[in-house]
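From just these sequences and the hints, can you work out the full model?
2 protein chains.
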Amino acid sequence: MTGGVLALAGGVGGAKLALGLSKVLPADELTIVVNTGDDATFHGLHVSPDLDTVMYALAGLSNNETGWGVAGDTFNSLGQLERYGNPAWFNLGDKDLATHIRRTELLRNGSTLSEATGSLCASLDIAIRIVPMTDDPVHTMVETTEGELPFQTYFVREQCRPVTLAIRYDGAERARPSPGFLDSLETASHLIICPSNPFLSVDPILAVPGVRQRLEKFAGRRLAVSPIVGGEAVRGPAGKLMRELGHEVSCVGVARYYQGLCDIFIIDEVDEGCASEIEALGMKVHAAPTIMQNDDDKERLARLACHLLGVPLAS
Amino acid sequence: MTGGVLALAGGVGGAKLALGLSKVLPADELTIVVNTGDDATFHGLHVSPDLDTVMYALAGLSNNETGWGVAGDTFNSLGQLERYGNPAWFNLGDKDLATHIRRTELLRNGSTLSEATGSLCASLDIAIRIVPMTDDPVHTMVETTEGELPFQTYFVREQCRPVTLAIRYDGAERARPSPGFLDSLETASHLIICPSNPFLSVDPILAVPGVRQRLEKFAGRRLAVSPIVGGEAVRGPAGKLMRELGHEVSCVGVARYYQGLCDIFIIDEVDEGCASEIEALGMKVHAAPTIMQNDDDKERLARLACHLLGVPLAS
Chain C
1 MTGGVLALAG
11 GVGGAKLALG
21 LSKVLPADEL
31 TIVVNTGDDA
41 TFHGLHVSPD
51 LDTVMYALAG
61 LSNNETGWGV
71 AGDTFNSLGQ
81 LERYGNPAWF
91 NLGDKDLATH
101 IRRTELLRNG
111 STLSEATGSL
121 CASLDIAIRI
131 VPMTDDPVHT
141 MVETTEGELP
151 FQTYFVREQC
161 RPVTLAIRYD
171 GAERARPSPG
181 FLDSLETASH
191 LIICPSNPFL
201 SVDPILAVPG
211 VRQRLEKFAG
221 RRLAVSPIVG
231 GEAVRGPAGK
241 LMRELGHEVS
251 CVGVARYYQG
261 LCDIFIIDEV
271 DEGCASEIEA
281 LGMKVHAAPT
291 IMQNDDDKER
301 LARLACHLLG
311 VPLAS
Chain D
1001 MTGGVLALAG
1011 GVGGAKLALG
1021 LSKVLPADEL
1031 TIVVNTGDDA
1041 TFHGLHVSPD
1051 LDTVMYALAG
1061 LSNNETGWGV
1071 AGDTFNSLGQ
1081 LERYGNPAWF
1091 NLGDKDLATH
1101 IRRTELLRNG
1111 STLSEATGSL
1121 CASLDIAIRI
1131 VPMTDDPVHT
1141 MVETTEGELP
1151 FQTYFVREQC
1161 RPVTLAIRYD
1171 GAERARPSPG
1181 FLDSLETASH
1191 LIICPSNPFL
1201 SVDPILAVPG
1211 VRQRLEKFAG
1221 RRLAVSPIVG
1231 GEAVRGPAGK
1241 LMRELGHEVS
1251 CVGVARYYQG
1261 LCDIFIIDEV
1271 DEGCASEIEA
1281 LGMKVHAAPT
1291 IMQNDDDKER
1301 LARLACHLLG
1311 VPLAS
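Chains C and D, in that order, give the protein sequences. The opening position of the first sequence corresponds to residue 1 in the numbering used here, with each subsequent residue numbered one higher. The opening position of the second sequence corresponds to residue 1001 in the numbering used here, with each subsequent residue numbered one higher.
Calculated from the structure, these hints are not laboratory results. Among the clues, some could well be false.
To be verified - Now the stretches of chain D that chain C is said to cover, found in silico as 3 or more residues with beta-carbon under 8 Å:
{"no.": "1", "stretch": "1040-1052"}
{"no.": "2", "stretch": "1116-1130"}
{"no.": "3", "stretch": "1295-1301"}
To be verified - A few chain D positions that, by computed beta-carbon distances, are all more than 12 Å from chain C:
{"no.": "4", "residue": "1095"}
{"no.": "5", "residue": "1099"}
{"no.": "6", "residue": "1144"}
{"no.": "7", "residue": "1206"}
{"no.": "8", "residue": "1269"}
{"no.": "9", "residue": "1273"}
All C-beta atoms, glycine included, are put in the ideal place defined by N, C-alpha and C.
Right, dumping it as structure tokens:
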């Protein structure tokens, strides 16, 4: 027993490392805390995109081509919903819809989001603990040159096109960390910040009252993996956002953002030249291949992270 | 203007004649009032099987092979719901689910079932008025030798296998006719009882307080089509139920059940020998082909019903 690893994750990049970690750590040594600022209601159903991306990854259901949804899914229900006048710009496959239908049923019957997530994961035989950052509603809002947009409107409908001026996490000030998150904050001996978008995935988690302070004073070692490689995001709008918000679009920019929260920073091997600049921020730096194209890549990066943290691996 | 036709319908047989009527009557001369005693909640979604069967028929979406659901539908969502531990014995296709998702969204946003039905029908370009018998919850409960079962449990899960002792319509005593039903009860000049199950489809409608009395005193002519042909139901459990509940399984048994509610009774040509026995109940009898295998059959029977009632047809 090490006290366990607490991993913070958002969408695709986070889910990839989370899958790697699930392969190399004993199930009871890992808690994955997932951003819920992206959660939204479509067709009256509660959709938790990041929780689902992590869950589908660990269940082997992910659609690796799109990065979202379930592999081999169909879209017949969405097509019919569009006939009924419902918005169809948020792609929801038929199997994926079942997740939202079931989650909504559980929530309406009184379950918390943590309990609903636990139920879904148990049905998919996921032994790792996946927990939402909070059971309270938090909504990431993107202030743009075209007005303030709910996250999914900005991200999916507008394809991140509008210029971002600021981001806020509506409701975060009243949110409490979920019981599983709190438990892990108290007991975990190691922290991993997955290569997720710092603003859209990690920041909402840090915005839950008390979380940033606890992680600043975290007793164990803390490691982050840069989602920026060679001056651009591996995937998604992180680069565009950092630029628009006045940050340097580089692993150095990310490291500055995580200063005080991170002791060890993994950058990609192409960014090795940035190591000394990041070390000057008070972090140990390790350069390695960080692009995860297949399950071996995910496991290798997870193994490296655990090795650098000194976490014993599953035999 | 004739004051219009009020048609009472349940599932498949009712939907067939309703489709025929929609082809031969002007849209503003027909109101189809549909049984909602079969309504049930599956996966947290409000399912109205009879309303949907009529709606899909009039929208040209019906699966004519099964009699329920949407033609060419897939079942991917249901399969995934089953993985989450949800009951999968009630077949809900992906396109069909969209109807229940949208209806549930509308109801949760404060629409009545009438309003939700109107919205769905408008989206499917249905000009005919399809209205639920009531906007209040009514649940058909089947008392059997194996205990009391909710209708869908009896009908779908148990395939009507248990022996029926009695049927009751839970909530009917507190239900009010829907606004569209009330309006049609006040203004319609003609009544048609479609060839639906007398106990499971028509009786719940009659059980809504005031409806039976109003139809007994109905100012215009009233016509019913027998769902029993040659001593058996054309489809479904009507024959088995009539037998178990002590009724004669014949068009005569149905006519006795509708005594006081019906002036003209259409029986199938194979039952012509029963005519005098039914006439003795005070009804005019007309024998004709009543099995509706294709759209021409439906239109022909609708045309006959309107002709016998003296309703002017669309030109």
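Here is what the structure says about each hint:
1. Remark: the stretch 1040-1052 of chain D is confirmed as covered by chain C, as 3 of its residues place a Cβ nearer than 8 Å to a Cβ of that chain, reaching the required three.
2. Judged by the Cβ-Cβ criterion of 8 Å, the stretch 1116-1130 of chain D is covered by chain C as claimed, because 4 of its residues qualify and three suffice.
3. By the rule of at least three residues with a Cβ nearer than 8 Å to a Cβ of chain C, the coverage given for the stretch 1295-1301 of chain D is violated, with 0 such residues.
4. For residue 1095 of chain D, the shortest C-beta to C-beta distance to chain C comes to about 4 Å, within the 12 Å cut-off, and the non-interface label is violated.
5. Consistency note on residue 1099 of chain D: stated as away from chain C, yet its beta-carbon is not over 12 Å from all of that chain's, at 7 Å minimum.
6. The claim that residue 1144 of chain D lies off the interface holds: its Cβ sits roughly 28 Å from the closest Cβ of chain C, which is beyond the 12 Å cut-off.
7. With a closest Cβ-Cβ approach of about 31 Å to chain C, residue 1206 of chain D is found to remain outside the 12 Å limit, as its non-interface label requires.
8. No beta-carbon of chain C comes within 12 Å of the beta-carbon of residue 1269 of chain D; the shortest separation is about 40 Å.
9. The claim that residue 1273 of chain D lies off the interface holds: its Cβ sits roughly 47 Å from the closest Cβ of chain C, which is beyond the 12 Å cut-off.
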